[in-house]
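Undergrad: Sequence:
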Amino acid sequence: MAHQQQKDYLCLHDGTHLAPKCILCGKCLEVCPLVAATGREELSPRAKFHLAERAADAGSGLDEKKAARLAAMCLACGRCEKACPQGLCGPELASKLRAKHPGWREWLWRQWLTKPGALWPTAGALARLVPGGLAPDTVQTMLKQLAALHGGRNIQPWLGVARYDACGSGKKAVLFEGCTARYAKPHWSETARQIVTGLGYELEADARFECCGCSLGHAGLEDAQRAMQRANVEAWRKAGRPQVIAFCATCRCGLRSYTHIDLGWETFEREEWLRAVVPLAGLMGDTEFQILDNAPDAVHYHRPCHGSGGDQDRQFLSRAMGGRLKKAGLERCCGFGGGMQLADPGLSRAVAARCWEYFEARPGEQLVTGCSACVLQLAANAPEGVAVGHWLEAIRP
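If you use full-length UniProt numbering, the sequence shown corresponds to residues 1 to 397, in order.
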């Protein structure tokens, strides 16, 4: 199977991609996962740009707030920006519209991402108590995602490290865990720490990073996003500007976008930050692995929309898992979409169903990915008997 390396979609939301005008060419319709899953052209980036332009015209007769709510129906996958000859970015338009017309969804998303330590454990525990049959279909997936925040491993380790390549010997590093690992999946962080230490890195104490801010930006919550971005840069400085090792693709994407924003950078600091932020999978070098007795016959890999530019996760997994790695999904979004979970969970679920159709996974098989949000979304929509987890869960360090 041929794989094309894609550039990272960087979560900027700074208005720089909104200057040109949509020429209605329809290139975005070919790549938009909402259009592919529903066949509804009004959900396409082309329709959204046209609608937003008309709604801003006082003489159009359109209700700008209602039009903005429809135009903001976006999964923030970033595929349209890559396809658009004008370089227009649908997620950036959605972010701008959500910021201009905030509602209860944006307020709730702000609380969810700025207070995870207090809200996530409680919500996860309560979700596990709700009988599935009592909940309406529109919230079933959300309840499964919340329950997953309170759960343990989805996958038992079956890929053992036989020998580490000490490629990090003498280098200092910190882990950027991300919100899901820090507050709901601490075993991800523990496995990552053991791997990084095995690779020879001198792992610094917890830098106490905040959320990467990516999802806050998608929701139009720029003030909260900028506060977390500045806090993360300051935490990095206090740690001595070491390497920042991330194992969530969306977190890495969000962190790399910092250099395009004025965060009070010192001279040459932007370049140093960009060099510092690295994916864990890209550091494995020649580390050797062995397949354990409990290994599944088939494993599938979902490549996240965000942060897949280097494709390091798939390359590493292909080498380590060998023939067990079957389908590696490159083209289909999982449908998580951040605030779309609140705006229209049915649309999110439809995109997830189309994603699962590609894999044709059978009971007893597993699917791994390298994005925290993708794990929650795909696990909540998984076929019966198919286990879903971060690829870290499969590794015995």
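There could be a bad hint or two in this list.
[As the list claims (entries may be wrong)] Cross-link-like lysine to any residue pairs, in silico, SDA-like; alpha carbons within 25 Å at most: (1) K100 - R69; (2) K171 - A224; (3) K100 - W112; (4) K144 - Q156; (5) K66 - T122; (6) K96 - A162; (7) K326 - R208; (8) K144 - A162; (9) K327 - E271; (10) K326 - E288; (11) K171 - E202; (12) K144 - K171; (13) K66 - P85; (14) K144 - R163; (15) K144 - R128; (16) K326 - L342; (17) K144 - L108; (18) K326 - G364.
Hint data in this document are derived by calculation from the structure and do not stem from the laboratory.
Undergrad: Holds or violated: are the alpha carbons of K100 and W112 at most 25 Å from each other?
TA: Given that 25 Å is the threshold and the Cα spacing comes to 20 Å, the pair holds.
Undergrad: For the pair we were handed, K327 and E271, check the Cα-Cα distance against 25 Å.
TA: The hint is violated at about 36 Å.
Undergrad: Straight-line Cα separation of K326 and E288 no greater than 25 Å?
TA: holds (20 Å)
Undergrad: Are K96 and A162 close enough, with their CA atoms no more than 25 Å apart?
TA: Judged against 25 Å, a Cα distance of about 49 Å means the pair is violated.
Undergrad: Does K144 pair with Q156 here, judged by a C-alpha cut-off of 25 Å?
TA: OK: K144 and Q156 at ~20 Å, within 25 Å.
Undergrad: Hint check: K326 vs G364, CA-CA at most 25 Å. Holds or violated?
TA: Distance of about 14 Å is within 25 Å: holds.
Undergrad: Hinted pair, alpha-carbon criterion (25 Å max): K66, P85. Please report holds or violated.
TA: Roughly 28 Å separates the two Cα atoms, so the pair is violated.
Undergrad: Could you grab the alpha-carbon distance between K326 and R208 and see if it respects the 25 Å cut-off?
TA: Distance ~37 Å between K326 and R208 Cα, so the pair is violated.
Undergrad: Given the hinted pair K66 and T122, is their Cα-Cα distance within 25 Å?
TA: Not OK: K66 and T122 at ~33 Å, beyond 25 Å, violated.
Undergrad: K144 and A162 were given as a pair; does the straight-line alpha-carbon distance stay at or below 25 Å?
TA: violated (35 Å)
Undergrad: Holds or violated: are the alpha carbons of K171 and A224 at most 25 Å from each other?
TA: Since the Cα atoms of K171 and A224 sit roughly 32 Å apart, the hinted pair is violated (cutoff 25 Å).
Undergrad: Checking one constraint from the list: CA of K100 to CA of R69, max 25 Å. Satisfied?
TA: Holds, at roughly 10 Å.
The structure is inconsistent with the numbered hints 2, 5, 6, 7, 8, 9, 12, 13, 14 and 16, although it conforms to all the rest.
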